[in-house]
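Could you build all of it, start to finish, from the sequences and the hints given here?
These protein sequence lines are chains A and B, in that order.
First residue of the first sequence? That's 3 in my numbering, and the numbers climb one at a time after it.
First residue of the second sequence? That's 170 in my numbering, and the numbers climb one at a time after it.
Incorrect hints may appear among the rest.
[Said to hold, decoys possible] The calculated label-pair distances, taken between Cβ atoms and stated as ranges, are:
hint: 1; chain 1: A; residue 1: Met-3; chain 2: B; residue 2: Tyr-208; range: 35 to 45 Å
hint: 2; chain 1: B; residue 1: Ala-189; chain 2: A; residue 2: Ser-96; range: 44 to 54 Å
hint: 3; chain 1: A; residue 1: Arg-85; chain 2: B; residue 2: Leu-184; range: 18 to 28 Å
hint: 4; chain 1: A; residue 1: Ile-25; chain 2: B; residue 2: Asp-176; range: 43 to 53 Å
Treat the hints as calculated values from the structure; they're not laboratory data.
Bear in mind the structure is a predicted one, so any value in this text is a computation, not a measurement.
Just so it is clear, CB atoms sit at the ideal spot from N, CA and C, and this is done for glycine as well.
Given next are the chains, with one letter for each unit.
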Amino acid sequence: MIMYVAATIAVIVAIVIALARAILGPSLYDRVLAGNAVGTKTILLLGLMGFLTGRPEFLDIALLYALMNFIATIAILKFFGYRTMSPQMRDISSRLRNGHNDGGADG
Amino acid sequence: MMGERMDSFIHYASLFLFAAGSFFVITGALGLLRFPDFYTRMHASGVTDTLGADLILWGMILQADGDWLLIAKLLIIMLFLMFTSPVSTHSIAHAAWVGGLNPLLGKDLKHSDIAPDRDETKSAPEAQSADGQHEGGTE
Numbered sequence: 003m004i005m006y007v008a009a010t011i012a013v014i015v016a017i018v019i020a021l022a023r024a025i026l027g028p029s030l031y032d033r034v035l036a037g038n039a040v041g042t043k044t045i046l047l048l049g050l051m052g053f054l055t056g057r058p059e060f061l062d063i064a065l066l067y068a069l070m071n072f073i074a075t076i077a078i079l080k081f082f083g084y085r086t087m088s089p090q091m092r093d094i095s096s097r098l099r100n101g102h103n104d105g106g107a108d109g
Numbered sequence: 170m171m172g173e174r175m176d177s178f179i180h181y182a183s184l185f186l187f188a189a190g191s192f193f194v195i196t197g198a199l200g201l202l203r204f205p206d207f208y209t210r211m212h213a214s215g216v217t218d219t220l221g222a223d224l225i226l227w228g229m230i231l232q233a234d235g236d237w238l239l240i241a242k243l244l245i246i247m248l249f250l251m252f253t254s255p256v257s258t259h260s261i262a263h264a265a266w267v268g269g270l271n272p273l274l275g276k277d278l279k280h281s282d283i284a285p286d287r288d289e290t291k292s293a294p295e296a297q298s299a300d301g302q303h304e305g306g307t308e
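See below:
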C-alpha cells in the first residue's frame, strides 16, 4: 500500500512540474510537450489510483486516455502546423473566397 | 514455503520497480522544467517518460496477483505507450523544426544561430504547403 502512495505522490509532483512548464513555456511547442507529458502521467495516475482504491476498473479509463492522448497531440500539432484542421478544406474555402469557383475538387 | 518466498520476492521486486519508476518520472519532470532549450527539454521528457511509465506499469503487473484480465490491460497500455510516446515526441520535434524554432548551439548553449542545413529544410514540401505563413514557433 505504501508504495502505491509513494508512486502516486511522485506522479502528482511530476504533473505539477510539467504544468509549470506548460504555463511558463516560451514557445508553443514547449506547451504541447508539457501537455503530452501531463497526459502520459495521467495514465499512470489513473492506474495507480485504481490499484490504491482497490478498483482496477480504472485501467479501462487509463487505456482510453492513452488512446486519446496520442490523437490529441497529433491533432494539436497538425492544427498549429497548417493553421486549420483540414488542409483540403482550407484550400477549397480559399478558392471560394478568391472567386475561382470552377468546381474543380482536385483535393 | 516456496509460495511464500515467491510472494515476498514479487513484493520486493515490485517495490523496486515502483521506486525506480517514480525516480525516472520525477527526473524527467525536473529536466522538463530546468533545461535551457526546447530540444533539450524534449530529450529529458521523451526519454524518461517511456522508461518511467514502463517501470511503474511493470510494478503494477507484479501487483496484479495473477489476474489475467488486469495483466492483459496493463500490457496493452504498456505496448501502446511504448509505441506512441516516441512517435509523439518525434512529431513534436519535427513540427518545431519545420515551424522555425532554432536550437541553442555552441558549447555554452547561449546563442541561437541558424543551423547549417536550415534553408534546405525551409523549402521542404511541408513548409511550402502552408502558403508561406510559417511565422515561427514563438508566441
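Hints, verified against the model:
A C-beta distance of roughly 40 Å is found between Met-3 (chain A) and Tyr-208 (chain B), which places it inside the suggested range of 35 to 45 Å. Between Ala-189 (chain B) and Ser-96 (chain A) the Cβ separation comes to about 53 Å, which falls inside the hinted range of 44 to 54 Å. Under the hint 18 to 28 Å, the C-beta atoms of Arg-85 (chain A) and Leu-184 (chain B), about 49 Å apart, miss the expected range. Remark: the range hint 43 to 53 Å for Ile-25 (chain A) to Asp-176 (chain B) is upheld by a beta-carbon distance near 45 Å.
Violated hints amount to a single one, hint 3; each of the other numbered hints is respected by the structure.
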